[in-house]
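> Given only the sequences and the hints, what does the whole structure look like? Please build it.
Residue numbers (the numbering used here), protein chains in the order written: chain A, 1 to 248; chain B, 1 to 42; chain C, 1 to 231; chain D, 1 to 244.
These are computed hints drawn from the structure, not numbers from a lab.
Be careful, since some hints might not be right.
As the list claims (entries may be wrong) - Cut-off 20 Å, straight-line C-alpha distance, at most; resulting in silico cross-link-like pairs (SDA-like, lysine to any residue):
1. B:Lys36 to D:Tyr225
2. B:Lys36 to D:Pro19
3. A:Lys58 to D:Glu150
4. C:Lys208 to C:Thr141
5. A:Lys58 to D:Asp151
6. B:Lys36 to D:His174
7. C:Lys208 to C:Val181
8. C:Lys193 to D:Tyr178
9. C:Lys208 to D:Tyr178
10. C:Lys193 to C:Arg135
11. B:Lys36 to D:Glu240
12. C:Lys193 to C:Val66
13. B:Lys42 to D:Ala239
14. A:Lys58 to A:Ser29
15. C:Lys208 to C:Ile139
16. A:Lys58 to D:Leu83
17. C:Lys208 to D:His174
18. B:Lys42 to D:Asp232
19. A:Lys58 to D:Met154
20. A:Lys58 to D:Pro171
21. B:Lys36 to D:Phe21
22. B:Lys42 to D:Ile170
23. C:Lys208 to D:Phe21
24. C:Lys208 to D:Ile170
25. A:Lys58 to C:Leu229
26. A:Lys58 to C:Leu137
27. C:Lys208 to D:Pro171
28. C:Lys193 to C:Leu137
Unchecked claim - Which stretches of chain B does chain D cover? Using the computed rule of at least three CB atoms under 8 Å from a CB of chain D, they are:
29. 18–25
30. 29–41
Beta carbons: idealized from backbone N, C-alpha and C, even for Gly.
In case you want the letters, here they are:
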Amino acid sequence: MAQTSPAVEVSGVSRTFGRRRAVDGVDFSLDAGDCLALFGPNGAGKTTLLRLIAGLLKPTAGAVHVGGRSLRSDATARAQVGLISHQSMLYRALTPRENVEFAARLYGVPDVHGAATRALERMRIADRADAPVRALSRGLQQRVSIARAIVHEPRVVLLDEPYTGLDAAGGAALTDMLHLLRSSGAALVLVTHNVDEGLAVASRAAVMLAGRVVRTDDCATLDARAYQADYRALVLGGSVPADLSVPA
Amino acid sequence: MIDTSGTFIAGYVVATIVYAAYVVSLWRRSRAVARKLERRAK
Amino acid sequence: MSERRPPGLFCAAWLVARKDLAIEYRTRTAFFSALVFAVLALTIFYFTWDESVISPNDRAPGVLWVVLTFSALLGLQRSFGLEEYDRGIDALLVSPIGRESIYLGKALGNLLFLCAIQVIAIPALALFYNLPVGRPLLIVTGIVGLAMIGIVAVGTLFSAMAVNTRLAELLLPMLSLPFFVPVLMNAAQAATKIFAGRPVAEVWPWLKVLIAFDIVFVVACTIAFPFTLEE
Amino acid sequence: MTSVSQSAAAASVAPTTRPVFDWVLGLAIAAVAAVYVRAIYFTPAEALQGLAQKIYYVHVAAAIDAYVAVSITALMSLVALWLRDQRADRLAESSAEVGIVFLSVVLTTGPIWGHKIWGTWWAWWEMRLTLTLFLWFVVAAYLVLRGAIEDDAMRARYSAVLAILGALLIPFIHLSVYMFAARLHPMPVVLKPSQPSLPSEMLTTFVLSVCAFTFFCAALIRARYRYGILRDLAASLDAEGNAA
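Laid out in C-alpha cells, this is it:
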C-alpha cells in the first residue's frame, strides 16, 4: 500500500440529526503510529464523530478516507478499521473465543484460532476464554470486546471510552496494548473525557465542543497540568477563549 | 322493483360519516398545531 | 495484508447464519418455547371443532398453517433482538462484509430455525390428527418449505425494522401478516388438495405463485435491507 | 388560522406554511355535496336494484380515488428513497392517510350494498372487495409504522420500504384471491353494482361523482400535506426549545 496517504483522513465531516448539528465540519488526519486523544464533555459529538469514522453513520457532508480509500464505498477500507464502542458488541450466549473467532472470520483472517488466541492473551483474558460472555463481569467483557476489535490487526483503531469499567490490571493491559498497536504502525483515535488517561498514550490531543474541534495540540510539547487547567476552563466556560485557534 | 331505500340511505350516511370524521380530525389537529405555533411566536 | 480477503456474499451470509444457530444451540430457550407453542396449539385446535361434524383429517391442513404462521412470528421476533442487546449488529456493520450478507445470513438462520420446529411439528400433526404417513405428507412438507422461504424473507426484513421502533413486539405481526396472506392462501389450497389425494400436477398453479413470491421477495428484501440500517 | 401560519413561517427558515383549510377544500366539499344532491334527487332509480344502486356513485368513486391515493404513496415512497426528499415522504404520508379514509368508505359501503343485493354482508369471492381489505391492512400497517418511529430520516426510509414492498405484494394478493375465487365460483357471474351500459342520465351522475370525489381526494391530500408542514415545524421548534 502506498504510504503517502495518511492512515485516516477526516475532511469536512458534518452530521446533522434533524435540525441538530451533532458534528460540524471536523478535519484532521492521522499517520501510521499517531494517536489522537479526543476530549470533550458529554454531548460534544465525540461518539458521533467516532461512529462516522467507523462508517456506522453516513456524514451529511464531508468524507472519511482510510489508507486513501473511501470508507463508505470500499469494503477493504472497512477491513482496516477496528471499533471499540460503548456497547460490548458481543453475543452473550457465546464464549469469548467464539466471539473473537467470529470477528476474525468476518475479516477473513487466515489463522482464525491463532489470531483469536493472540488477541485474548494480549488482553489477559485467555484463561476465561471458554465460559460464556454472560458469566463475565463488565470489565472482563470490555477486555473481550477490545480483543474482538483488534483480532484482525487493524491499521486504524477507534476507541470510545475504552477504560470504562476496567480495573487496574485491565487498564494496564489496555495501555500496553495501545502502545503496542502504535509501535506496530496503527493509528488510534481515543475518545475520552478523562484527560490523564488520554495524555498517557496520545501523540496528539484535541478538544471537541458542540460538534466542533476547538483546539488541537501536540503532546510532545504539552504540559499536562496546564493543559488540564485549560481544558477545565474550556468545558466549564462553555465558550471558546479568543487566543485558541478555531477551525472555520 | 324491490324496495332498497334503507340500504341506500345507510350507504350514504355511513360514507358521509367516514369522510366527515376525517375532515373534523384534520381540522382539530391543525388547530392544535396552529395554537402551538402561536404560543411559540409570542 | 494482501493474503487477507473478506468472505464473499454467501460465505459471509453462512458465517452470520452459523453464528445465530450457535447462539440458538447454546440458549435453546426460543427454540423450545416455539416448539412447545406449536405442539400446544396443535392439541388445542383439536378440541375447538366438533369431531362429528368435521373430521380431524379435514381440519389438519388449516391447523398446520395457523401453527406455522405463529411459530414463525415467535422465531422472527428474537432474530434481531439478539443483535440489538449489546449492539452486535454494529460489529457486523463495521466489518467488511456486505449488508446483503447480513440479511441473507439472518434469513437463513431463521429459515433453519423454523425448519427445525416443523421437523417436529409436522409429525406431531400427523400423530394427533391421525394422518396417513406417506407420500402426501412428504409433498406437504415440501410445500411448507416453499411457504417458509417467503415468510422468512419478509419476516426477517420486518424483524430488522420492528426492533428499532417503539412498538417492537406489536409491530412485527402487524407488518408481516398481510404479506403472509398470499403465501398462506396458495400453500393452504395446494396442501388441502394434496391431503385429499390429488396428484401434484393439479396443484402446480398454486406452487408457481409460491415460487414466484419466494423469488420476488427474497430479491426485493435483500435490496431493501440496507435501507433499514442506521445511516 | 392564516395569520398564525404566516407569522410562524416568518419566524423560521422552514418551508412556507399555508392554511390547512382554505377555499380549495371548501369548494371540494361543495362539489361533493352537489353530487350528493344530484345522485339522490335528480337521478332515476335503477330498475332491478332500486335505490340501492345509488350507492354505486359513492362506492365506486371512493374505490377509484383510494387506489389513486395509494398509488401516489407507493410512487412517492420510491422518490423519497431515491432522492431522500422530505417533500416526497410527506406527500406519501398524506396520501396514505387520505387513502385509508377512502378505503374505509369502500369497505363500509360495499357490504351495506352486498347485504341487500347478494344477501350476504361479505363475499370473499368478490375480488375487488377482498383486495381492498388487504390493501387496508397494508396501509394501516404503514401508518402505524410511521407513528412508531421518532427519527425523521428513519421514518422516511422504513415507511418507504414498506410501501414499495406493499406495491409488490398487491399483484400476489390479486392473483391469490382470483385463484381462490375461481375454485369456489368457476366464473363468478353475479349481480355487480356496475351495469355494462348505464342509461345516460346515470352515466352523467357517475362521471360527475368521480370528478367531485377525485377533487375532494386531492384537496384532502393537499390539506393533509400542509398540516404535515405545520406539524413538523412545531416539532422542530419544540426540539430547539428543549436544546436551548
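> For every hint, state whether the structure bears it out.
So, going through the hints one by one against the coordinates:
1. For the hint linking lysine 36 of chain B to tyrosine 225 of chain D, the alpha-carbon distance of about 18 Å falls within 20 Å, and the restraint holds.
2. Restraint check for lysine 36 of chain B and proline 19 of chain D: the C-alpha separation of about 15 Å stays at or below 20 Å, so the hint holds.
3. This hinted pair checks out: lysine 58 of chain A and glutamate 150 of chain D have alpha carbons roughly 19 Å apart, not beyond 20 Å.
4. Of the pairs offered as hints, the one joining lysine 208 of chain C and threonine 141 of chain C holds, with about 16 Å between alpha carbons and a cut-off of 20 Å not exceeded.
5. This hinted pair checks out: lysine 58 of chain A and aspartate 151 of chain D have alpha carbons roughly 15 Å apart, not beyond 20 Å.
6. For the hint pairing lysine 36 of chain B with histidine 174 of chain D, the CA-to-CA distance comes to about 45 Å; that exceeds 20 Å, so the pair is violated.
7. Annotation: proposed proximity of lysine 208 of chain C to valine 181 of chain C holds, straight-line Cα distance about 16 Å (limit 20 Å).
8. For the hint pairing lysine 193 of chain C with tyrosine 178 of chain D, the CA-to-CA distance comes to about 17 Å; that is within 20 Å, so the pair holds.
9. Between lysine 208 of chain C and tyrosine 178 of chain D the CA atoms are separated by roughly 14 Å; this keeps the pair inside 20 Å, and the hint holds.
10. Taking the CA atoms of lysine 193 of chain C and arginine 135 of chain C, the gap is near 13 Å; set against the 20 Å cutoff, the hint holds.
11. This hinted pair checks out: lysine 36 of chain B and glutamate 240 of chain D have alpha carbons roughly 14 Å apart, not beyond 20 Å.
12. Our distance criterion of 20 Å between C-alpha atoms is met by lysine 193 of chain C and valine 66 of chain C, whose separation comes to about 17 Å.
13. Of the supplied pair hints, the one linking lysine 42 of chain B and alanine 239 of chain D holds, its CA atoms being roughly 17 Å apart against a limit of 20 Å.
14. Using a Cα cut-off of 20 Å, the hinted pair lysine 58 of chain A and serine 29 of chain A holds, with the two alpha carbons roughly 18 Å apart.
15. Under the criterion of a C-alpha separation no larger than 20 Å, the hint pairing lysine 208 of chain C with isoleucine 139 of chain C is consistent with the structure, at around 15 Å.
16. Between the alpha carbons of lysine 58 of chain A and leucine 83 of chain D the distance comes to roughly 15 Å, so the proposed pair stays at or under 20 Å and holds.
17. For the hint pairing lysine 208 of chain C with histidine 174 of chain D, the CA-to-CA distance comes to about 15 Å; that is within 20 Å, so the pair holds.
18. For the proposed pair lysine 42 of chain B and aspartate 232 of chain D, the alpha carbon gap of about 19 Å is at most 20 Å, so the pair holds.
19. At most 20 Å may separate the alpha-carbon atoms for a hinted pair to count; lysine 58 of chain A and methionine 154 of chain D meet this at roughly 13 Å.
20. Between lysine 58 of chain A and proline 171 of chain D the alpha-carbon distance is near 35 Å, which puts this suggested pair outside the 20 Å criterion.
21. For the suggested pair lysine 36 of chain B and phenylalanine 21 of chain D, the alpha carbons sit about 17 Å apart, so the restraint of at most 20 Å is met.
22. Straight-line distance between C-alpha atoms of lysine 42 of chain B and isoleucine 170 of chain D comes to about 49 Å, which puts the hinted pair past the 20 Å bound.
23. About 50 Å separates the Cα atoms of lysine 208 of chain C and phenylalanine 21 of chain D, which puts this hinted pair outside 20 Å; it is violated.
24. For the hint linking lysine 208 of chain C to isoleucine 170 of chain D, the alpha-carbon distance of about 17 Å falls within 20 Å, and the restraint holds.
25. Annotation: proposed proximity of lysine 58 of chain A to leucine 229 of chain C holds, straight-line Cα distance about 11 Å (limit 20 Å).
26. Note on lysine 58 of chain A and leucine 137 of chain C: the hinted pairing is violated, with a Cα-Cα distance of about 51 Å set against a maximum of 20 Å.
27. With a CA separation close to 14 Å, the supplied pair lysine 208 of chain C and proline 171 of chain D stays within the 20 Å bound.
28. The suggested pairing of lysine 193 of chain C with leucine 137 of chain C holds, with an alpha-carbon distance near 12 Å, which does not exceed 20 Å.
29. A count of 4 residues in the segment 18–25 of chain B with a Cβ less than 8 Å from any Cβ of chain D is obtained; the coverage claim is therefore met, three being the minimum.
30. A count of 11 residues in the segment 29–41 of chain B with a Cβ less than 8 Å from any Cβ of chain D is obtained; the coverage claim is therefore met, three being the minimum.
Violated hints for the displayed structure, listed by number in ascending order: 6, 20, 22, 23, 26.
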